[in-house]
Amino acid sequence: MSSHPISIRPFGEHAILIEWPNEVSEVVLYDIIDFVESFKLDFQDSQDWELVPAYNSVTLINRRTKIDFSKTRCQLLECYKNRKASGTPQRYLWKLPVCYDLEFGIDLEEVASTLGCSIKEIIETHTKHIYTVYGIGFLPGFMYLGGVPKDLETPRKSVPRLKVIKGSVGLAGKQTGIYPQESPGGWNIIGNCPITLFNANLENPCFVSVGDQIQFYAINRAEYDLHKIETEIGIYNLDKIKLDD
Amino acid sequence: MIKVIQPGFYTTIQDMGRFGYREKGVPVCGCMDNYSASIANSLLENEEMDAVMEITMTGPNLEFHASSFFSVTGAEMSPALNGIPINSYEVHKANEGDILSFGKLINGFRSYLAVKGGFLADLKLMSRSFYKPITEQNRIKELMEIPIEECSEYSPKISHIKPEAWHKENELDVFKGPEYEILTDDQLKLLSTNKFTIAKENNRMAYQLEELIGEQSHKMLTSATLPGTVQLTPNGKLIILMRDGQTTGGYPRVLQLASKSIALLAQKKFGDKISFQFLSH
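Chains as they are written, first to last, in my numbering: chain A, 1 to 245; chain B, 1 to 281.
No lab work stands behind these hints, which were simulated from the structure alone.
Among these hints, one or two may not hold up.
Below, simulated DSSO-like cross-link-like pairs (lysine-lysine); rule was C-alpha separation at most 27 Å, straight line [unchecked claim]: (1) A:166 <-> B:132; (2) B:219 <-> A:174; (3) A:66 <-> B:219; (4) A:71 <-> B:260; (5) B:219 <-> A:150; (6) B:124 <-> A:163; (7) A:157 <-> B:124; (8) A:163 <-> B:132; (9) A:228 <-> B:219.
Heads up, incomplete: computed chain B residues facing chain A, CB under 7 Å, no partners named [what the hints assert, rightly or not]: (10) 19; (11) 22; (12) 103; (13) 105; (14) 125; (15) 216; (16) 217; (17) 223; (18) 246; (19) 250; (20) 256; (21) 281.
For each residue, glycine too, the CB sits at the ideal point set by N, CA and C.
Let the hints inform the model, and build the full structure from the sequences given.
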């Protein structure tokens, strides 16, 4: 197992920021996730801390006390040394259905003309690739997905929309993702996913975790309506595959 | 139960926040000025996590449908019970049918109303703090009924305290943020010597400041943000994230407010002036 140089810095009185080398890479992300696991198992009072991993960093927030930085720094370095010994968390590949009908994919025609390809090709490329969840933020359950191929890179809209509907699947730059709720947004909308990504009534409100993977598959309008009903009444069976390290 | 006769400008139910879900993108929420809210709860010997009503700028009209005890802290908003002025920072009894109303805003921006036992709004992800769509509503609405416990006998240990004057101060204590190093000498000078004006874009998510401090073109990967994180946008605008602020962001985090300064900022409104006082860890 290779180790990375990590930097540990205070972030206000209640938080600490740990940064890995400044790159988007699965190797770095999985090293962060192993550290998070080691922290949760080994750190005293770990229940008082919240950990927010994203790309090349993890932020640790203490909800109760002001942090004794130099003491905590040593403990964190120890945690980093002990990662893996604590075991790697199970990661999953989630397969999510998307309806790419023009009714939902309101920017598909524009994206196709920008990229100089057909709508069919966009759908094929978008569903062929597997995306890694590098972070969850912006909105509850909003995933930052990395791994968008070069031939789907398209600039975000110059004027953001005031309202993007729940489930909208967007493309912007090197990123793709799903709006888990209605929101303003500047991404190009190419389809809609009928599955609820965030449910505040569940103990675990969002089934996806940072480090998981996502693959989309195309469905027609009838299947969309069916899955929408299934997810609303809680009988939709999520398609997931365990990932090995 | 308490019935909302008139909701006021922006009134919500808040507790000390929704912890444990930031890794799923859920803002921590909770009372903007948690210091004043804690005092309101303490006067009634409530639990730390008991929910209070956060009242912004203009107060609501509320009708008690159960007897209770209450206290009001934070901004001075001229509270009155059945039309008779009452003191803030004091425990009062309300009987069934009593009407609590608010008048002129004298100072500050947010008041906190606590009732004995707390407001029993729905518990969602271990918190009662309003945040749509985690809770059904983002603020109280006319005719909404908010459950409270009936309490007809209570002798408070301390019936009143002297209101603190700290929220009249306008200096915010700040630490260096993670991307502090990108600031130029000119920007640092402006940050340490200038007074900044609260823009009209100020709410539970973020406070923007009017004065620009110069452009920046730093590229960074999305990373966590906190309440009190001061972001610098490419065109030089300062945005201070507050309790409902998003959990991650891509703008450089140049400063971080000390905890008490987040509460102080929550008492500022459009047009107020603030300055930064640098602290070191």
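>> Taking the earlier hints as the rules, which of them does this structure contradict?
In response: 3, 7, 9, 12, 13, 15, 16 and 19
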